[in-house]
Amino acid sequence: MENSQPPVNSRVFLLSLQAVVNAVIIGVIAWCLIKLINLITNISFYGVLSLEEASPAHHQLGILVIAVPVLGALIIGIMARFGSPAIRGHGIPEAMEQVLLNQSKIRPIITFLKPLSSAISIGTGGPFGAEGPIIATGGAFGSFAGQVMKISPSERKIMLAAGACAGMATIFGTPLAAVLLAIELLLFEFSPRSIIPVALACVTGAALHFVLFGTEPVFGMAAISEPTAIAVAVYVFMGAAMGVLASLVSKSIYLIEDLFEKLPIHWMWWPAIGAVVVGVVGYFAPSTLGVGYENISAVLSGEATIRMLLVLCFLKFISWAFSLGSGTSGGTLAPLLTIGGASGALLGLMILNIFPGAEINVSTAALIGMAAMFAGASRAFLTSIVFALETTMEPHGLLPVVAACTAAYFVSFFLMKGSIMTEKINRRGVHTPDSFEPDILQRITANEVMNTDADIISPHNSIKELREWLKRTAAETMSPEYVVADDTGKLEGMVRREAIFDKSFGDDVPLTQLLTDKAPYIFEDNRLSLAADLMHRYRISVLPVVVRDGSKTVSGVLTHKDIFTAYSQRRNEEHIHARALSLRRRGIRLIVRGRRLLDE
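Just so we're aligned: the sequence shown equals residues 202 to 801 in the working numbering.
Don't read these hints as lab results, they were simulated from the structure.
All of these numbers come straight from a predicted model, not from anything done at the bench.
Don't be surprised by glycine CBs; every beta carbon is placed ideally from N, CA and C.
Heads up, some of the hints might be wrong.
Claimed, not checked - DSS-like mimics (lysine-lysine), calculated; alpha carbons at most 30 Å apart, straight line:
hint : residue 1 : residue 2
1    : K665      : K691
2    : K618      : K665
3    : K691      : K719
4    : K704      : K672
5    : K672      : K691
Stated by the list, open to error - Label-pair ranges, simulated between beta-carbon atoms:
hint : residue 1 : residue 2 : range
6    : V229      : G263      : 35 to 41 Å
7    : F556      : V229      : 48 to 54 Å
8    : I244      : P309      : 25 to 31 Å
9    : S730      : E253      : 40 to 46 Å
From just these sequences and the hints, can you work out the full model?
Structural data, given as structure tokens:
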């Protein structure tokens, strides 16, 4: 029978086609979300029916502005209580949880409730961006499409990631950053099967961004000069400082969440309590209300005053932390970028004031602050770098951003066990992968571990002979299945032990009548991952290995124990050598079975 894997190429083509179709729909949903946010903002703060972009910062409501986010939060609490609690939270962590625990299945209703609740939250002054909700919405739509298509959980994960990141690409016009976000936070793998559909969806989303929102950089900034060596060194220091700040910001969010958990009232009312903080802060600092993408552009272009930087650094953080910690429908990306950019600009001004010869500029300091905050808080290291470059289109920012993000990632790695994206689900006992290691079974071929001395049964043996032989050598030949091959070694099939001892078959029945209907096999150069897949699919523990020349000549036999042993040995080898290197650095020799692994 055919031993190869399922038709990967055709599956990838179908997934890619569906991912592109989904991306177009999600792009339209993203455009509708932006327009809905504009509509609710205009109604809430200006009392007009308009889809034109508007900022709450210019309202004339006075102290009544405090009531606006509270009213929006009450509506969201009711939607979460009687609609779906899944609309609460950041967006990305919830998508990660569905990938890890629920076979990437998200309830279809989230596709409707999440953007609606987020539009209400942001439109009534919530200090969030539209990217988190549309990522959650895109993921929900991709998951729904995957459930309709009746595909495997791993393929549904691809559709979820493609939908989520197509939404991000539509909002920001950042296709490469969206692909990297999928790899670092949703897919937990890197393979052509997953990357091709996701990349096509992200490219489609970015193309829709240009059509629906224009071709200008999302965050315009003044051109910056190529950094000097001294400047890069300063930016590394600043990145490390941002890593510390990112850790504090992330821990503060969950500290506030813990405080809300202790309240003696139903969680439906928590968003309204958090909204009181949003309203009060918004009364004194209107620029903290709403999406605030214009604030990021002002910080990056150097147009923000010191007062504005302080407001965005501290008051924006307070407003966002209490609102998000209360469990309302919101996101993390835009607030992190705002707080990080303002903090970076402030730190840059401080350094220039103390060390005028630092050779840095404030716009670059804001850019690296924005990216480093994202990298340190989310641990999406590559995403943060590429995102900063794609949203600003500033090539001279590459080296400073890479240097600062590396330092921020390094520092936050030692200060936080998880990240702002994973802390919530880690607390629920859900382990999130923190590394992308190749599958060990993908690195071992069948000919490396197969047994060339295994018992091969001839089709000319009688049932009586087999039964007597098995009774004599029960201990040595105990196996659920046996490989059958003719005198030339050509594979004939497999026979199950239980069939041999089935009393309904007489001693004179030909062995060929006992052969299984399906006899999978692999070639000598096939990977053990394929062998494990075939064993699971056909519920067998023995697998013949044949020569790849068309003759189907059996060259060996693989058992499930062979695969387990090979896996365990490779893992142990890696552990032993890593341990030996660690001990060697301390001047200690590691002796295993009387042999020195590494010379001093």
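- Is K691 close enough to K719, meaning Cα to Cα at most 30 Å? Roughly 16 Å between the alpha carbons, so the hint for K691 and K719 holds.
- Verdict for F556, V229 (Cβ pair) under range 48 to 54 Å: Holds - the Cβ-Cβ distance for F556 and V229, about 50 Å, lies within 48 to 54 Å.
- Is the distance from the Cβ of V229 to the Cβ of G263 consistent with 35 to 41 Å? Given about 38 Å between the Cβ atoms, the range holds.
- Could you say whether the range 40 to 46 Å given as a hint is met by the Cβ separation of S730 and E253? Since the Cβ atoms of S730 and E253 sit about 55 Å apart, the hinted range of 40 to 46 Å is violated.
- Query: Do the beta carbons of I244 and P309 sit within 25 to 31 Å of each other?
  - Reply: holds (28 Å)
- Message: So if I understand the rule, the pair passes when the alpha-carbon distance is 30 Å or less; does K672 with K691 pass?
- Response: Cα-Cα ~26 Å, so holds.
- Would you mind confirming whether the straight-line C-alpha gap from K618 to K665 stays at or under 30 Å? Distance ~63 Å between K618 and K665 Cα, so the pair is violated.
- Quickly compare the C-alpha distance for K665 and K691 to 30 Å and report which way the hint goes. Cα-Cα ~23 Å, so holds.
- Pair hint K704 and K672, alpha-carbon separation not exceeding 30 Å: Measuring from Cα to Cα gives roughly 15 Å; hence the hint holds.
When each numbered hint is compared with the structure, violations occur for hints 2, 9.
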